[in-house]
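Visitor: Chains A and B are the protein sequences, given in the same order. Here UniProt numbering is used: the first residue of the first sequence is 1, the next is one more, and so on. Here UniProt numbering is used: the first residue of the second sequence is 1, the next is one more, and so on.
Note that these hints are calculated values from the structure, not bench results. Predicted model only: the values in this text are computed from it and were never measured. Hints are not guaranteed to be accurate.
[To be verified] Below, a sample of chain B positions facing chain A; criterion: calculated Cβ distance under 8 angstroms: (1) Gly-317; (2) Pro-327; (3) Asp-342; (4) Val-564.
Every residue gets a Cβ at the ideal spot worked out from N, C-alpha and C, and that includes glycine.
There are 2 protein chains.
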Amino acid sequence: MSTFKVVFTPSGIRGDIKEGTDVLSAARELGADVASLCGGNGLCTRCKVKLSTGSFPKHQIESQTQHLSPITSAERERISEADLEQGYRLSCSAKIQGDIVIDVPAESQTHQQVIRKDATVLDIENKPAVKLITVDVEEPDLNSPTGDLERLKDAIEFETSLTDLSIETHLLRDLQPALRKGKWTVTVAIYENQRIIGIWSGKQEDAYGLAVDMGSTTIAGHLCNLATGEVLASHGIMNPQIRFGEDLMSRVSYSMMNPGGDLKMTAAIREGINHLVDQLLIEANTSPRPDDKPVTKDLLLDATFVGNPVMHHIFLGIDPVELGGAPFALATQASMTLPARDLDLHLAAGAQVYLPPCIAGHVGADAAAVVLSEAPYKNDAMTLIIDVGTNAEIILGNKKKLVAASSPTGPAFEGAQIHNGQRAAPGAIERVRIDPETLEPRYKVIGVDLWSDDPGFDEAIGETGVTGICGSGIIEAIATMYLAGIVTTDGVINGEKASISARIVNDGKTWAYKMVASKNDDSDINSARSETGVLITQNDIRAIQLAKGTLYASVQLLMDKIHVKKIEQIRFAGAFGAHIDPKYAMLLGMIPDCPLDQVQSVGNAAGTGARIALTNLAGRREIENEVLRMEKIETATEASFQDYFVNAMAIPHKIDTFEHLSQVVFLPAKEESSSDSPRLRRRRRSSRGGKPNISR
Amino acid sequence: MSTFKVVFTPSGIRGDIKEGTDVLSAARELGADVASLCGGNGLCTRCKVKLSTGSFPKHQIESQTQHLSPITSAERERISEADLEQGYRLSCSAKIQGDIVIDVPAESQTHQQVIRKDATVLDIENKPAVKLITVDVEEPDLNSPTGDLERLKDAIEFETSLTDLSIETHLLRDLQPALRKGKWTVTVAIYENQRIIGIWSGKQEDAYGLAVDMGSTTIAGHLCNLATGEVLASHGIMNPQIRFGEDLMSRVSYSMMNPGGDLKMTAAIREGINHLVDQLLIEANTSPRPDDKPVTKDLLLDATFVGNPVMHHIFLGIDPVELGGAPFALATQASMTLPARDLDLHLAAGAQVYLPPCIAGHVGADAAAVVLSEAPYKNDAMTLIIDVGTNAEIILGNKKKLVAASSPTGPAFEGAQIHNGQRAAPGAIERVRIDPETLEPRYKVIGVDLWSDDPGFDEAIGETGVTGICGSGIIEAIATMYLAGIVTTDGVINGEKASISARIVNDGKTWAYKMVASKNDDSDINSARSETGVLITQNDIRAIQLAKGTLYASVQLLMDKIHVKKIEQIRFAGAFGAHIDPKYAMLLGMIPDCPLDQVQSVGNAAGTGARIALTNLAGRREIENEVLRMEKIETATEASFQDYFVNAMAIPHKIDTFEHLSQVVFLPAKEESSSDSPRLRRRRRSSRGGKPNISR
């Protein structure tokens with residue numbers, strides 16, 4: 001059977017795919033991001049993709065169409081005629097019959113699912129940087145020849161007491177027609193009480209803003225009404241920089257190896273954001289709202305952007321090369337306020353952009369936004385905030401003092417460097433229980449609301465089956481393997497258990513735990529099988545031990561710095577934190593002891609911080625001051641790090657005890673499965689009493 | 001004989017020209033600006049023009065070349081081989097043989113002569129808005145992770161005590177490489193003690209600036225070393241807006257009639273200025289200087305621009321349409337400081353632009369620059385400043401108070417609306433004497449340093465002959481006609497004088513004075529003849545009476561406003577003022593009585609003001625404050641204007657006497673001709689004593 005070249009855009013992921021493979025399977029095989037909720041059964045339409053015709057000459061488009069199998073009846077039922085004509089297909093139905101480029105629309109990207117979380121309702125005092133003021137301006141008079149702008153400023157001063165306002169150059173052109181059209185009544189937009197950035201004839205009541213969280217993988221934006229603070233649309237796109245490198249360091253390398261490469265990445269992120277703005281406007285204008293006023297680009301007057309230092313620098317047009325090596329010097333650490341046009345953003349002509357300060361070379365404006373969102377500096381409770389990515393950003397403290405550090409945990413928590421690891425996407429194992437007697441696993445898979453031993457699970461997961469294990473899955477897997485005695489406190493898979501279960505399999509010099517058998521596996525494991533199977537290897541456990549040991553040791557260093565013995569609350573920021581169960585994280589020894597009901601996921605706190613900065617000018621000054629006050633710790637150069645790290649490698653820890661875990665019962669039993677996915681939840685089981693079985 | 005289409009660029013002037021006409025004659029026929037000092041004898045090379053090939057396909061260029069007569073030996077002698085190959089020709093030698101586009105290079109434009117006056121040496125304290133500071137910056141350290149920018153600002157603060165500096169966005173990109181290349185020593189350019197606008201590795205000692213006077217017809221620029229204030233180059237170009245209308249009001253009309261027309265004019269002026277900058281750089285880098293450092297665009301960090309309100313608005317991208325009618329509302333009156341890139345100027349990326357305030361709807365930033373240059377607000381003497389253009393701007397006062405007005409004199413003083421009027425260009429009569437007995441005239445022509453009755457005059461003026469009479473010529477003509485009794489105090493040409501001289505000729509219901517006979521005139525006037533002749537008509541005198549009456553009445557109104565009876569000094573600003581002889585201006589009743597040695601031409605004072613603003617930051621604040629303090633008078637609405645005007649129509653005046661004229665002898669006699677042109681000079685003849693003959 002022949003193979004064909006398949007390219008997925010915008011990720012740029014490509015590879016050879018066997019003839020007749022459906023596009024969804026091809027995407028999974030190559031690691032391209034295509035969502036599917038129904039398991040590839042042609043039901044959910046989440047996997048809709050588009051035949052990319054953009055780069056082909058017109059006469060080749062038709063032949064391209066023939067590189068996919070004919071449109072099925074399922075597709076005719078679920079895709080509109082217009083969309084079919086434009087080349088939309090269900091990726092689970094269309095089969096590859098020739099070389100082809102497939103465009104994955106933003107709404108069909110799996111990360112969409114994670115990032116397109118509707119914005120939580122914030123209790124932010126709505127005092128944005130942009131004020132709309134409607135004034136009546138004195139008409140010009142031959143005998144007192146002042147300029148229209150000067151009379152406008154007089155009127156503004158009369159209304160607001162604001163003086164010494166500057167004005168965007170391009171508005172000078174709009175000023176005279178607006179005054180005359182509005183019969184000397186105009187509305188002006190004033191930025192930070194200093195600068196006129198918009199002018200309209202007559203009364204104008206609405207102005208809009210943008211809060212954007214620029215992640216390494218995804219870019220999420222909220223479009224807000226500045227007058228009310230209301231979020232009108234939220235949308236996420238893949239970071240188009242992915243084509244230059246999956247992770248940040250590979251992008252920094254790209255810039256080092258390719259002169260001018262940083263400029264390409266700058267152009268890519270700005271283009272992506274302009275595309276995001278278009279999507280947000282479509283969404284805001286198509287979703288029902290109390291008023292029917294259209295949201296237009298020229299009313300987008302303010303925008304806040306948060307991101308890690310590499311994203312922050314590339315977005316600002318700064319080569320990130322210095323962030324690639326010690327001493328990781330930021331070009332600038334301070335907050336930035338600048339015209340949107342300096343960044344080639346297609347907002348209102350006078351729109352302004354704000355970026356919170358970076359905290360340090362590895363702790364960016366996104367971490368500052370998390371701090372603004374969680375405001376530990378207003379809190380008495382000793383708070384630990386962790387944002388897990390390729391690095392974990394750690395903030396510790398309370399109103400007295402805050403310390404910050406970046407912990408080089410590596411990407412293991414994100415499912416990378418794990419034998420069957422993958423990103424949190426449909427098909428990935430996210431929850432794991434293991435029976436300590438039989439060592440049989442039960443698991444849940446993203447996209448299916450059943451445990452693996454529930455009736456109907458096999459039908460629900462469909463042909464694709466289990467594709468791998470994600471970050472939260474691997475944490476629970478190892479924690480429960482430890483609970484079941486499969487893994488020792490040193491992190492070794494105990495080969496002796498092979499006598500109890502065929503799931504403990506020899507893997508060269510070490511052992512592995514076969515959670516899901518592969519289809520061509522001829523062992524007698526009695527469970528659903530998947531294409532590749534899911535094996536937890538000794539290397540996986542080492543990778544997770546290194547990551548969690550690094551994180552834990554870093555937290556301990558920060559605790560030393562401010563002489564703290566006990567953490568009173570823990571906040572997980574970011575997508576990763578939204579998926580893990582705190583008690584398994586603690587059982588694994590990722591985080592120090594803390595009341596479990598005080599361990600919370602705060603979701604996309606960076607995005608929330610961006611929204612606060614957008615709708616509350618005082619919040620900008622607040623975070624700028626707090627970042628200045630904050631002490632930054634470089635964990636790598638601290639003498640005690642190595643000792644802390646060695647002890648923290650053990651599961652859960654060589655020395656430290658976890659008092660609050662003793663109130664928790666870890667249940668492999670059925671009853672736990674009756675509840676929903678524990679994402680974004682905390683549970684308190686102290687009422688159940690009893691000893692935890694972690695003391696084995 | 002056939003005719004051909006001839007187009008002159010950049011003026012856009014076009015018309016049909018007879019085969020075999022030389023290009024210089026064609027230019028004069030159509031009114032295009034081509035200089036010639038030698039009278040078209042192939043000697044001076046001032047008339048060098050270029051065959052425009054830019055808009056032709058390559059294969060047509062050769063045929064274009066054949067649309068001019070073959071290159072003459074005079075041209076081979078005077079034009080370099082390289083220039084000949086590029087299509088340069090002497091316009092007096094090349095004859096038209098087909099349709100053709102001729103480019104008149106800036107250096108061959110006649111106005112060049114007037115505007116390319118070398119900058120006078122100013123006694124300005126050299127404290128420009130741009131400061132260059134060289135600092136040593138602390139290196140980044142892993143354990144105190146501040147940004148490079150923050151450490152740079154610390155170093156600047158240590159050196160200069162300046163805090164809270166902002167920075168141009170694009171410099172963020174240059175910062176890190178510059179610091180590392182300079183081994184942590186960098187030079188920054190700081191604008192107005194507020195903003196970092198340039199950065200260089202190591203030591204950088206030179207920064208340059210631009211002072212530009214944007215006139216309706218010509219744009220003159222000076223390139224200055226900001227560190228020393230020295231003028232390195234001065235250059236003038238034709239205002240490329242001329243193709244949209246010769247005078248300001250026709251350009252305002254163009255904008256009214258053509259939607260988007262103002263944007264075209266804005267683009268034209270900005271392009272023209274970019275071209276001027278290129279020329280200035282070439283001149284600065286080719287003329288010998290003490291140091292050999294090249295002046296580059298990226299070192300052009302600051303620029304000041306002055307111009308009348310229409311030019312000011314169009315340059316800023318503001319539609320000038322409101323300036324076309326009452327109440328002549330300015331979009332903005334205040335001074336402007338803005339980034340050069342907002343105006344599409346190709347200077348250094350961070351370059352800034354400053355424009356002084358406008359005084360009123362008809363009294364622009366150029367008038368403010370004149371005030372800054374002459375500084376009457378520092379003077380005890382009661383000073384009258386007049387800048388004659390299509391309107392005359394008038395400033396009157398001293399350190400106690402200044403008043404300003406625009407006087408709608410019309411363009412008569414510039415030679416427009418005059419029968420044989422023309423701009424001050426070679427071939428134009430500029431000085432006139434008339435023998436009161438014989439009524440025979442003597443005159444001087446621009447470009448020829450002889451009086452018309454000097455031996456050799458006919459040879460010097462050559463074939464072209466006298467082409468017309470310019471503004472200063474018409475003033476002397478009418479004043480001396482009045483002295484000779486040809487014109488009465490009411491401004492009527494006395495037909496009875498026809499009996500004395502054949503030069504008094506009947507012109508329908510009125511009479512005219514035939515200063516130069518035309519070639520086909522068969523009367524027996526014994527003088528040089530020219531193609532068209534030069535006739536001073538009754539209408540000419542009426543036009544000048546209207547203009548000078550308006551000016552005089554406006555001055556009187558201002559004198560009333562500040563209760564002043566006597567003017568102590570008069571300053572003529574601008575090109576017009578550089579050409580007139582004060583005593584004839586007073587004799588005509590253009591200006592009020594004043595000691596004649598206190599009447600001075602101050603040349604391009606607007607350009608000088610622009611240079612002061614460029615090299616002295618305090619000067620900017622000074623003129624801004626003075627303009628605020630200044631009282632603006634709208635002469636048209638003042639009740640007493642009409643009476644003043646009627647009296648001022650008489651020559652020299654119906655009521656007012658001119659005491660200081662009584663000390664002057666007006667000499668038609670030969671001895672006056674021994675001196676040079678009186679341009680830019682004052683003369684005192686009181687030692688000669690005797691009554692002036694104006695009391696006739």
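Visitor: Now look at each hint and say whether the structure bears it out.
Guide: Now for the hints, and whether the structure bears them out:
| no. | hint | result |
| --- | --- | --- |
| 1 | Gly-317 | 5 angstroms, holds |
| 2 | Pro-327 | 4 angstroms, holds |
| 3 | Asp-342 | 4 angstroms, holds |
| 4 | Val-564 | 21 angstroms, violated |
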